[in-house]
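Engineer: Chain residues, written in single-letter form:
Number of protein chains: 4
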Amino acid sequence: MIKIGIVGGTGYTGVELLRILAAHPQAELVAITSRKEDGMPVAEMFPSLRGHVSLAFSAPEKARLDQCDVVFFATPHGVAMAQARELLAAGVKVIDLAADFRLKDTAVFEQWYGMPHSCPDILAEAVYGLPEVNRDAIRAAHVIGLPGCYPTSMQLGFAPLLTQGKPLINESSLIADCKSGVSGAGRKAEVHALLAEASDNFKAYGVKGHRHLPETIQGLEAIAGRPIGLTFVPHLVPMIRGIHSTLYATLLPEARTLDFQALYESHYRDSPFVDVMPAGSHPETRSVRASNMLRLAVHRPGGGDLLVILVVEDNLVKGAAGQGVQCMNLMFGLDETTGLRQVPILP
Amino acid sequence: MIKIGIVGGTGYTGVELLRILAAHPQAELVAITSRKEDGMPVAEMFPSLRGHVSLAFSAPEKARLDQCDVVFFATPHGVAMAQARELLAAGVKVIDLAADFRLKDTAVFEQWYGMPHSCPDILAEAVYGLPEVNRDAIRAAHVIGLPGCYPTSMQLGFAPLLTQGKPLINESSLIADCKSGVSGAGRKAEVHALLAEASDNFKAYGVKGHRHLPETIQGLEAIAGRPIGLTFVPHLVPMIRGIHSTLYATLLPEARTLDFQALYESHYRDSPFVDVMPAGSHPETRSVRASNMLRLAVHRPGGGDLLVILVVEDNLVKGAAGQGVQCMNLMFGLDETTGLRQVPILP
Amino acid sequence: MIKIGIVGGTGYTGVELLRILAAHPQAELVAITSRKEDGMPVAEMFPSLRGHVSLAFSAPEKARLDQCDVVFFATPHGVAMAQARELLAAGVKVIDLAADFRLKDTAVFEQWYGMPHSCPDILAEAVYGLPEVNRDAIRAAHVIGLPGCYPTSMQLGFAPLLTQGKPLINESSLIADCKSGVSGAGRKAEVHALLAEASDNFKAYGVKGHRHLPETIQGLEAIAGRPIGLTFVPHLVPMIRGIHSTLYATLLPEARTLDFQALYESHYRDSPFVDVMPAGSHPETRSVRASNMLRLAVHRPGGGDLLVILVVEDNLVKGAAGQGVQCMNLMFGLDETTGLRQVPILP
Amino acid sequence: MIKIGIVGGTGYTGVELLRILAAHPQAELVAITSRKEDGMPVAEMFPSLRGHVSLAFSAPEKARLDQCDVVFFATPHGVAMAQARELLAAGVKVIDLAADFRLKDTAVFEQWYGMPHSCPDILAEAVYGLPEVNRDAIRAAHVIGLPGCYPTSMQLGFAPLLTQGKPLINESSLIADCKSGVSGAGRKAEVHALLAEASDNFKAYGVKGHRHLPETIQGLEAIAGRPIGLTFVPHLVPMIRGIHSTLYATLLPEARTLDFQALYESHYRDSPFVDVMPAGSHPETRSVRASNMLRLAVHRPGGGDLLVILVVEDNLVKGAAGQGVQCMNLMFGLDETTGLRQVPILP
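Chains as they are written, first to last, in the working numbering: chain A, 3 to 349; chain B, 3 to 349; chain C, 3 to 349; chain D, 3 to 349.
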């Protein structure tokens, strides 16, 4: 059994981690920290966990995280980098669901997250936790920076187009029109996320700039090995879970005859959590609700030169906690799908 | 034109007041205060008001509220009673949408609202702003304490049963099972009201006790002239606006032969904002959405001794801002319906 | 492995059965029938099942249901009773999610379901599939009539009050004010269940009479061994899954000193799917979303004589498919919880 | 007073027309037809209209539509063209909310709507009812083909870029990523529009082709006077009302220095129902809920060559019934805004 600690389990990615790990056959939850909730049983805050999680929150100094095999950080940005060194020194692996170990360039990190990076050396050895791209590196990693929810969908949606040696699309003008349920904003008390504000409503936000843009560009450039230009427009959907990314790419003339359906199917043949749907499909977010699956479909409207990729994922699972467990499985030599085979909830 | 000031216009009852008054043919909005938002155009906070409200928020000391004809308080509890005396002295009428002038017994007020009452003398002359019960007193009033949203629906639902001279129902064991949309909780940043918490979910709350219970009992006892016993169970519905109250009353044997449909229709014959629907109807909250109408239907399942009254209202209109304007109309000698004839929004 | 057939898998209870059985360690799905969809892979209709269910729908005559160990009917009322005799003769157990084997009195069945009962003899031996009440009978049953979704919540909510030898409450005037998500209406194209009709809306329905009333009275009378009077008012909540029943019972004077919290805890001590929450709790429907758990809390507002029981369940799981699998487990000698330990999905 | 007839008032655009016209100071509703509902008071089907609309549905042969000044068709495609000739002959103006008079090319009409066009001569004189583009022609029109909901938002969003004499953008590769509430699908009983299907879900649809594509291209080409290439991807949002169109256009090098904010503001200076929001805004659909206003904002992320236009409208008002009344006002010499000044409903 893998001994697991969680730092910060009071948000949505935290409770989702608990839901998944409580049913994971190789996981043993040994500690979950929260200074504010010290002593409160987790299931008191989240009655959905009654009968499944008997652990109580404990103050950080009481939780012997250094005796865990792996510690997940489901915390605000900045917490993981403050604690990682000590844990790594104790031989504990670290998986951060926040942004501390995502951006390789500390100047970019500081620009977008408004704080200096406190451990560039650890950042340098951290692996970006996107298994479909970095599977082998993740197996060997000690520190994982898990991708953001939007970046996961954008990178997995564009990746097959970028890994063919020569460019197939105009790589300087990609467009990602993304739509997310409100749990993506976290379990924070904010007026704009109230049901009375966000329900029966739709809007774009962050068009001027969003933290997930530099992360996605970094990821796409790593995949392609070439510079990438991307416009990213996020929108808020009045639903709880789910991301739908509608991706646009302009074909280069020399790629017009390619079979893109075959290209995608081939690219993801060995990825159990990416489902390339039949040509002509319109994946729905609910088809992956509460599961680690990402589904996508490739369209070429009117047979023209614009490729439209539709990608759906559950932002809390494949976009966060589930992807974290997928990485953990790889890091501990388990089958990638262990504990992650839940059937999506529909309706 | 009636010169109108609003204290606190950044919450839901405030913006609803603005929406109604902006289209009221006799209303002239002259000031709206908010210390925090001093100088910000109202329509910048609420783009829905662009082109309809040109006023900006102003700090209280700059807003010459004493030159208004009437001032509405759409504020937290306790604000109106702190400012009422000065306004009244200047000849300004006061309409409070909060609870400062609802409960006649200051001890009960202090128990439920956690603060002493600072002006019992003004409270003594304040009129409870429920026009269908207190129409004449409202016409003559200088200070109005507007009913809460739940109490409006409960009182108007039970009233016809309590005004017949002798009891028709077991008045010691009334039950009100009420359901409210989340805007009833106000425009406050609170975790439980987030879309990701409250959507696709249903729960009761405050079963142990709720501020609207003493207010409703006070109101029902005033209507009946006799003691009343009431159990009130509020629930939260994943919708923005609307209250549905399901009321239960046990018939006394001597009332078994009464025609309750006729009783209700007769009782509300002259009340333009209470619609007694045909027998057998199931009123929906959306049938009154964004309007000042309250609809109700009277049922007697299986012809037995339990009367079931279904009542719907828009909590922000008939349950708050609209009722305030209805009172204002009466206080200034206008037709009760002036500016309040909007057709409900469906779908 | 239990060989399982499903008749009618295109509705919500059908797809929920598939979701649960696909992950059940002892279940082997061998056939699913639908004349209309003959040949279509189940996962084509429900992409959420891609990778989990490889079966295709087949016309009834092709599906060798007589070679199954058990057949579930997730069909309109009337289908199960037409096919049960043949299956039973072949030694196949039958679990009906519709109403064919719920009401013991065929005259009552005909009154509420508008069709004659075609096999009263099978009805006579059918067991009502509410494990917390009929566990032993279910173990030995060949035919199960599964309770309706509302009746499950009402019976389990009232049961502890009715099994104490002598009456504790006024058993002639129980009230159940119930609220259901719209999936309870099934996957049928009906205007009133459209998102544009049912969303941001709340209403009661069927106050005059509802099929679940006679079923619940029959069940409560069987539990109590005495006549019961019940008023049942169902309401429609703008959410997908979940039932919240608010139950009211008037204490008899001799029961005033009882510890009802202890009574409920004791009653359900050995029922793994009933969670009696701590005193003062307000269970939420989402706390049981997509799980077979039913949670309840006992309240006595103001310490008075009215008991208020709050009950939540997922109408598609404990109110339908999950309860069916719970019965199947008992009928085949498995632990009651086999395949039913999924953690509820929150948020 | 303008005497008004409505053919087909049982759908969402019909009930919205009734809501608007009931409060229109110059409108007199004289007839509303529905063969199926002959004799039923309109307010019985839509209780929201109780007290506002006293008309009953009548069979077409009883309704003297030829005595109206104008007849609105809120019907399925094909109805208006079957009845227009007779009405026009009687001097009655016709406003069609369906597609019969939108597409100028009858071959394109037949391809997308699956029926031959029965009156090409009337089509030839019909005016496309988009006042911000065709104001003068509408004033003189006898027959109006109202734009679809999506096309209204796309055309008004792109128009200022296309009317500057020479091209500013790459006009062959426009992209419109559009999101609509479900009322856009109409009040038809269809499984995919059930709350239990469409709620808490997001998906694209019709990526292969959608009827609003040829209509929009026709409109944009008429505006530009040049060929246009457009990719249109519609999506379904779990909300009742509202369309949000996110439009993408690539700047030509010679247009890089233009002030697009000023361009848009200038273009719509005299259009009371188009609100160009301040630079950097993110218009929300609720900011126009139940109103005839369309709001838009112009973005240029990172100062690059991709222009992003965010457009919101209420699909039932500016996208249908409200635009119809706006056209009627123009056709009868009224101020364009008569009866259309309702304040949007927020929250």
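It is worth saying that the hints were derived from the structure and are not from the lab. Beta carbons: idealized from backbone N, C-alpha and C, even for Gly. Certain hints may be false.
Said to hold, decoys possible - Estimated spans, in silico, between C-beta atoms of each pair:
#1 A:56 - B:42: 24 to 30 Å
#2 C:281 - B:190: 24 to 30 Å
#3 A:264 - D:80: 57 to 63 Å
#4 B:339 - D:63: 34 to 40 Å
#5 C:211 - A:337: 51 to 57 Å
#6 A:208 - B:64: 19 to 25 Å
#7 A:224 - D:211: 51 to 57 Å
#8 D:38 - C:107: 25 to 31 Å
#9 D:334 - C:42: 51 to 57 Å
#10 B:25 - A:223: 51 to 57 Å
#11 A:264 - D:38: 33 to 39 Å
#12 C:280 - A:229: 55 to 61 Å
#13 A:208 - D:168: 31 to 37 Å
#14 B:25 - A:264: 58 to 64 Å
To be verified - Covered stretches of chain D, as calculated for chain A (at least 3 residues, CB under 8 Å):
#15 37-48
#16 175-186
Engineer: All the hints need checking, so say for each whether the structure fits it.
Structural biologist: Here's how the hints hold up against the structure:
1. A:56 - B:42: 24 to 30 Å: violated (50 Å)
2. C:281 - B:190: 24 to 30 Å: At roughly 28 Å between Cβ atoms, residue 190 of chain B and residue 281 of chain C fall inside 24 to 30 Å, so the hint holds.
3. A:264 - D:80: 57 to 63 Å: violated (41 Å)
4. B:339 - D:63: 34 to 40 Å: Given a distance of about 38 Å, which is inside 34 to 40 Å, the answer is holds.
5. C:211 - A:337: 51 to 57 Å: Roughly 54 Å apart at Cβ, these two residues keep to the hinted range, so it holds.
6. A:208 - B:64: 19 to 25 Å: Violated: the Cβ-Cβ distance is about 35 Å, outside 19 to 25 Å.
7. A:224 - D:211: 51 to 57 Å: Distance hint for residue 224 of chain A, residue 211 of chain D is violated at roughly 36 Å.
8. D:38 - C:107: 25 to 31 Å: violated (38 Å)
9. D:334 - C:42: 51 to 57 Å: Holds - the Cβ-Cβ distance for residue 334 of chain D and residue 42 of chain C, about 54 Å, lies within 51 to 57 Å.
10. B:25 - A:223: 51 to 57 Å: holds (54 Å)
11. A:264 - D:38: 33 to 39 Å: violated (50 Å)
12. C:280 - A:229: 55 to 61 Å: holds (58 Å)
13. A:208 - D:168: 31 to 37 Å: holds (33 Å)
14. B:25 - A:264: 58 to 64 Å: Once the Cβ atoms are compared, 60 Å apart, the range 58 to 64 Å for residue 264 of chain A and residue 25 of chain B holds.
15. 37-48: violated (count 0)
16. 175-186: holds (count 5)
Hints 1, 3, 6, 7, 8, 11, 15, counting from the list given before, are not met by this structure.
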